[in-house]
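K.L.:
What follows is the residue order along each chain.
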Amino acid sequence: GENVEQHPSTLSVQEGDSAVIKCTYSDSASNYFPWYKQELGKRPQLIIDIRSNVGEKKDQRIAVTLNKTAKHFSLHITETQPEDSAVYFCAASIRGSQGNLIFGKGTKLSVKP
Amino acid sequence: GAGVSQSPSNKVTEKGKDVELRCDPISGHTALYWYRQRLGQGLEFLIYFQGNSAPDKSGLPSDRFSAERTGESVSTLTIQRTQQEDSAVYLCASSLQALNEKLFFGSGTQLSVL
Numbered sequence: 001g002e003n004v005e006q007h008p009s010t011l012s013v014q015e016g017d018s019a020v021i022k023c024t025y026s027d028s029a030s031n032y033f034p035w036y037k038q039e040l041g042k043r044p045q046l047i048i049d050i051r052s053n054v055g056e057k058k059d060q061r062i063a064v065t066l067n068k069t070a071k072h073f074s075l076h077i078t079e080t081q082p083e084d085s086a087v088y089f090c091a092a093s094i095r096g097s098q099g100n101l102i103f104g105k106g107t108k109l110s111v112k113p
Numbered sequence: 001g002a003g004v005s006q007s008p009s010n011k012v013t014e015k016g017k018d019v020e021l022r023c024d025p026i027s028g029h030t031a032l033y034w035y036r037q038r039l040g041q042g043l044e045f046l047i048y049f050q051g052n053s054a055p056d057k058s059g060l061p062s063d064r065f066s067a068e069r070t071g072e073s074v075s076t077l078t079i080q081r082t083q084q085e086d087s088a089v090y091l092c093a094s095s096l097q098a099l100n101e102k103l104f105f106g107s108g109t110q111l112s113v114l
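Chains as they are written, first to last, in the working numbering: chain D, 1 to 113; chain P, 1 to 114.
One or more hints might be untrue.
SDA-like, lysine to any residue: derived pairs with alpha carbons at most 25 Å apart [unchecked claim]:
| no. | chain 1 | residue 1 | chain 2 | residue 2 |
| --- | --- | --- | --- | --- |
| 1 | D | K108 | D | N53 |
| 2 | D | K37 | P | G71 |
| 3 | P | K102 | P | R64 |
| 4 | D | K42 | P | G71 |
| 5 | P | K11 | D | A19 |
To give an idea of the chain P side of the interface with chain D (calculated C-beta under 8 Å), a few residues [what the hints assert, rightly or not]:
| no. | residue |
| --- | --- |
| 6 | G16 |
| 7 | L39 |
| 8 | L43 |
| 9 | F45 |
| 10 | Y48 |
| 11 | P61 |
| 12 | F65 |
| 13 | E85 |
| 14 | S87 |
| 15 | A88 |
| 16 | L91 |
| 17 | K102 |
| 18 | S107 |
From chain P, some residues computed to sit far from chain D (all C-beta separations above 10 Å) [said to hold, decoys possible]:
| no. | residue |
| --- | --- |
| 19 | D24 |
| 20 | S62 |
| 21 | G106 |
By construction, these hints were calculated from the structure, which means they are not laboratory data. Predicted model, so just to flag it, every value in this text is computed and none were measured. By construction, the Cβ of each residue, glycine as well, lies at the ideal position given by its N, Cα and C atoms.
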């Protein structure tokens with residue numbers, strides 16, 4: 001089945017710097033790649049997603065890139081702010097299993113003021 | 001309701017007891033997922049329901065785990081003969097339809113097995 005690897009597991013940056021989180025997936029048939037943010041004690045929430053027919057998507061300070069050939073995708077956060085501190089999860093869908101999502105193990109991002 | 005509702009929010013049980021967790025998805029959402037999140041860990045897929053199709057049970061860790069869903073409404077996750085390693089937050093999520101749609105998560109049930 002699908003396997004999603006996520007790196008790094010923890011990331012600490014200074015406020016204003018950029019943060020990059022990377023994920024790889026194993027199933028070449030996967031076609032949907034969302035990113036979820038989970039603040040401490042709260043539920044995960046979708047922040048951005050990308051489908052396999054595009055290579056990059058941007059939403060204000062957040063961008064996601066996808067390399068289908070290499071089977072990896074990345075989350076980029078620019079001009080980080082303390083409120084960006086959270087755990088970020090990448091995920092990939094398995095085509096043919098009616099929408100099942102497999103998540104990475106998460107990256108704990110700490111933004112120091 | 002406005003969002004995905006889960007109950008109870010916290011459950012403490014003794015090893016060997018059965019527990020039942022409930023999820024009320026957003027009205028009209030046909031897809032429903034259960035995930036398990038151990039402390040400081042990622043989201044582990046358990047089971048997925050889509051409309052009247054057969055559920056995807058490929059993530060259930062053992063035959064002690066089962067789940068039901070009535071139509072496109074409430075779902076219950078049952079854990080029989082609970083073990084200490086079952087302690088985790090059990091998250092339910094729903095989406096408008098299957099195939100690459102945004103998931104809306106509930107706030108989870110914190111299960112503690114003593």
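K.L.:
Are the hints correct? Go through all of them and say.
P.N.:
Cross-check of the supplied hints:
Taking the CA atoms of K108/D and N53/D, the gap is about 29 Å. The hint is violated against a cut of 25 Å. Distance check on the hinted pair: K37/D and G71/P sit about 30 Å apart at the alpha-carbon level, beyond 25 Å; violated. For the hint linking K102/P to R64/P, the alpha-carbon distance of about 29 Å lies beyond 25 Å, and the restraint is violated. Distance restraint check for K42/D and G71/P: the Cα-Cα separation of roughly 28 Å exceeds the 25 Å cut-off, and the hinted pair is therefore not satisfied.
As the CA atoms of K11/P and A19/D are separated by approximately 37 Å, the hinted pair breaks the 25 Å bound. Interface hint at G16/P: violated, since its Cβ lies 29 Å from the closest Cβ of chain D, which is beyond the 8 Å cut-off. Hint status for L39/P relative to chain D: violated, with the closest Cβ pair at about 12 Å, above 8 Å. Checking L43/P against chain D: minimum C-beta separation of about 4 Å stays under 8 Å; hint holds.
For F45/P, the interface hint holds, the least distance from its beta-carbon to any beta-carbon of chain D being 6 Å, beneath 8 Å. Residue-level restraint check for Y48/P holds (minimum Cβ-Cβ distance to chain D is 5 Å; threshold 8 Å). The beta carbon of P61/P is not positioned within 8 Å of any beta carbon in chain D (closest approach about 14 Å), and the interface hint is therefore violated. A distance limit of 8 Å between C-beta atoms decides the matter here; for F65/P the minimum to chain D is near 16 Å, and the interface restraint is violated.
Because the closest C-beta pair between E85/P and chain D is about 17 Å apart, greater than 8 Å, the hint is violated. For the restraint placing S87/P at the interface with chain D, the shortest Cβ-Cβ distance is roughly 17 Å, beyond the 8 Å limit, so the hint is violated. Because the beta carbon of A88/P sits about 14 Å from the nearest beta carbon in chain D, more than 8 Å, this interface hint is broken. A hinted interface residue such as L91/P counts as satisfied when its beta carbon comes closer than 8 Å to some beta carbon of chain D; here the least separation is about 7 Å, so the hint holds.
Below 8 Å, beta-carbon pairs count as interface contacts, and K102/P has one with chain D at about 5 Å; its hint therefore holds. The criterion of a C-beta within 8 Å of any C-beta in chain D is met by S107/P, whose closest approach is roughly 5 Å, and the hint holds. Remark: the non-interface label on D24/P is consistent with the geometry, its nearest Cβ contact in chain D lying 14 Å away (cut-off 10 Å). With a minimum CB-CB distance of about 17 Å to chain D, S62/P clears the 10 Å threshold, and the non-interface call stands.
Not every C-beta of chain D lies more than 10 Å from that of G106/P, the closest at about 7 Å, which undercuts listing it as non-interface.
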